[in-house]
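Engineer: Chain by chain, the residues run as shown.
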Amino acid sequence: MRVHLVLATALAQGDEVPQGPGFLDRALQALVDGIQFGAIIAITAVGLSLIFGTTHLINFAHGELVTIGAVVAFFLNVGAAGPGWHLIPSAAVAIVIGALLGGLIERGMWRPLRKRGVGLINLFIITIGLSLLLRHIVLVFFGTRPQSYREYDIQQALDLGPIGITPRDLIIIALSVLVLLGVAFLLQRTRTGTAIRALSSNPDLAEASGIDVNRVVLIVWVLGGGLAALGGVFYGLTEIITWDMGFRLLLLMFAGIILGGLGSAYGAMVGSFVIGIVAQMSSLWFPIDLQNAWALLALIVVLLIRPQGILGQRERVG
Amino acid sequence: MDELDEPALLVAERIFAGYVRGVDVLAGCGLLLNEGELVGVIGPNGAGKSTLVKAMFGLLRVRTGRVTFRGRDVTNEPAHKLVAKGIGYVPQRQNVFPTLTVEENLRMGTYLQPKEFTRRAEAVQELFPVLAQRRNQKASSMSGGERQMLSMGRALMMEPDVLLLDEPSAGLSPRFQDQVFERVREINATGVAILMVEQNARRCLQICDRGYVLDQGTNAYTGTGLELLHDEKVIELYLGTLARAR
Ligand SMILES: Nc1ncnc2c1ncn2[C@@H]1O[C@H](COP(=O)(O)OP(=O)(O)O)[C@@H](O)[C@H]1O
Ligand SMILES: [Mg+2]
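These protein sequences, in sequence, are chains P and V. All residue numbers for the first sequence refer to the working numbering, where the first residue is 1 and numbers rise by one. All residue numbers for the second sequence refer to the working numbering, where the first residue is 1001 and numbers rise by one.
Just so you know, the hints here were simulated from the structure itself, not pulled from any lab data. Don't be surprised by glycine CBs; every beta carbon is placed ideally from N, CA and C. Treat the hints with care, as some may be off.
Below, computed lysine to aspartate or glutamate pairings styled on EDC-like, alpha-carbon distance capped at 16 Å [said to hold, decoys possible]:
no. : chain 1 : residue 1 : chain 2 : residue 2
1   : V       : 1115      : V       : 1126
2   : P       : 115       : V       : 1077
3   : V       : 1081      : V       : 1161
4   : V       : 1085      : V       : 1073
5   : V       : 1081      : P       : 204
6   : V       : 1081      : P       : 212
7   : V       : 1138      : V       : 1103
8   : V       : 1085      : V       : 1159
9   : P       : 115       : P       : 204
10  : V       : 1085      : P       : 212
11  : V       : 1085      : V       : 1161
12  : V       : 1115      : V       : 1159
Pair ranges (Cβ atoms, derived) [said to hold, decoys possible]:
no. : chain 1 : residue 1 : chain 2 : residue 2 : range
13  : V       : 1114      : P       : 88        : 45 to 55 Å
14  : P       : 174       : V       : 1063      : 48 to 58 Å
15  : P       : 119       : V       : 1094      : 14 to 24 Å
Computed footprint of chain P on chain V, listed as stretches where at least three residues anywhere in the stretch have a Cβ under 8 Å from a Cβ of chain P [what the hints assert, rightly or not]:
no. : region
16  : 1067-1080
17  : 1205-1218
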């Protein structure tokens, strides 16, 4: 997708592009686009992965948290009835709302349902229903027309040798990587993060060690909701904002998580980058409409070679 | 049940509990643990020993009955609150966080008192030197015996008043079993009251102050360790068969 944008920019600049850039240049460009796309998938997928790791819930409604983040920022930024803020404060508020929504869903729905002993399959079906419900609520307010944010929608690409990258995209990649490093720091170096990993590792023992499991799960949902919203804003910035954008991203999030190794947050990050890069690189040879199909094919191939995923651990016996 | 003058530290009375609706695995059993005591619970496989410990520790809902700690009703209090009150628990299976390092496992032991970590970790590593040697390794890389040490160490990080041990010697080599029983006595000698469920009934009764024999969710026999060891009925029904089964 980015390739075409850059081509268009080049055309607009009046450069001569009779054949377009050479293959290597296009490949490099696709790689950069893939890293960016992968970073966005990773930001959203890491929360989904942590939720799965701590509660074993497959949250089919995670895509809607992405959409809602993008749409809330859109409303604050350019919405007809909105305040018309700059995108940065709009995004900040969207993240807070995403975090609150994640926390609210956990506190108001999943915790009571877990407490009543509702089975995981039933909970999964409920997330499908929730996804549908939230998506259509967004549809009612947002409509079917794709939209974009006011700032940063058209930018001059920086010319970095063969790669054209807009400052916007550069910042999105840099911020995404920073956020992912922040999540890794949280998980690895803080007491709460270690408790999240402990809970994923052995829930009963976590409780038996004095960890308030419900509180940790709430933190995970707040974190996951906030990250999903941020990913939504980034996704809306690089592509376009639509009422079902998160839903379309969901399959790729799942693919990233499974590819990286189910239950490992770092696996989700690595897997998402692989998925993003494969999706973008595939458009070098194949129609862009098929890029998700190629990403999923990559998933199948990796799982055939390494069934536990890239960073996943084989089920231990004994 | 024993009626002692001093109030007992931890008491479970007429507990009914189970996993499936309408099926009581525990059918009115109970026990009591005094300050500083080492008490064993033995009984055939499936008697409900683990279930009783889980029910006392808030990991399984008590349907009827009462659990008290230091005279206060703690029935169905969540486990993490009981940890804060001074009860530690070492489960029979899955007793470590496999994906965490040994040190992180211990760190989770002081989740509620993070400031105490360094000092307590030193004491625990003195008791279990292997934990210091393997500090930065994943717990999943440890043998069953080492995991048992790690799990006991984790539980001791809170300096509990009561330690609930569910079959600490199960599945261990004889050398490790000896070590485990030795450590249990050492821990008990520091004043920690211990409730120990054991398959290894003879060894357990030999070191326990008192013992309970649990069968089909009810108390079958109760007495001092020595009484039970020499009780004809207990030998015939539990020690003999268990000894043969080993
Ligand atoms: N998680 C569980 N779900 C359902 N039934 C269980 C579970 N754990 C134990 N049981 C059943 O409860 C009974 C008592 O088990 P348990 O307390 O583990 O016995 P013990 O520890 O004395 O060997 C057994 O019949 C066992 O099958
Ligand atoms: Mg048992």
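Engineer: Hint by hint, say whether it matches the structure.
Structural biologist: Quick rundown of the hints versus the structure:
no., hint, in the structure
1, V:1115 x V:1126, "19 Å, violated"
2, P:115 x V:1077, "14 Å, holds"
3, V:1081 x V:1161, "14 Å, holds"
4, V:1085 x V:1073, "12 Å, holds"
5, V:1081 x P:204, "14 Å, holds"
6, V:1081 x P:212, "8 Å, holds"
7, V:1138 x V:1103, "9 Å, holds"
8, V:1085 x V:1159, "11 Å, holds"
9, P:115 x P:204, "14 Å, holds"
10, V:1085 x P:212, "14 Å, holds"
11, V:1085 x V:1161, "9 Å, holds"
12, V:1115 x V:1159, "13 Å, holds"
13, V:1114 x P:88: 45 to 55 Å, "35 Å, violated"
14, P:174 x V:1063: 48 to 58 Å, "57 Å, holds"
15, P:119 x V:1094: 14 to 24 Å, "21 Å, holds"
16, 1067-1080, "holds (count 3)"
17, 1205-1218, "violated (count 0)"
In summary, the numbered hints that this structure violates are 1, 13, 17.
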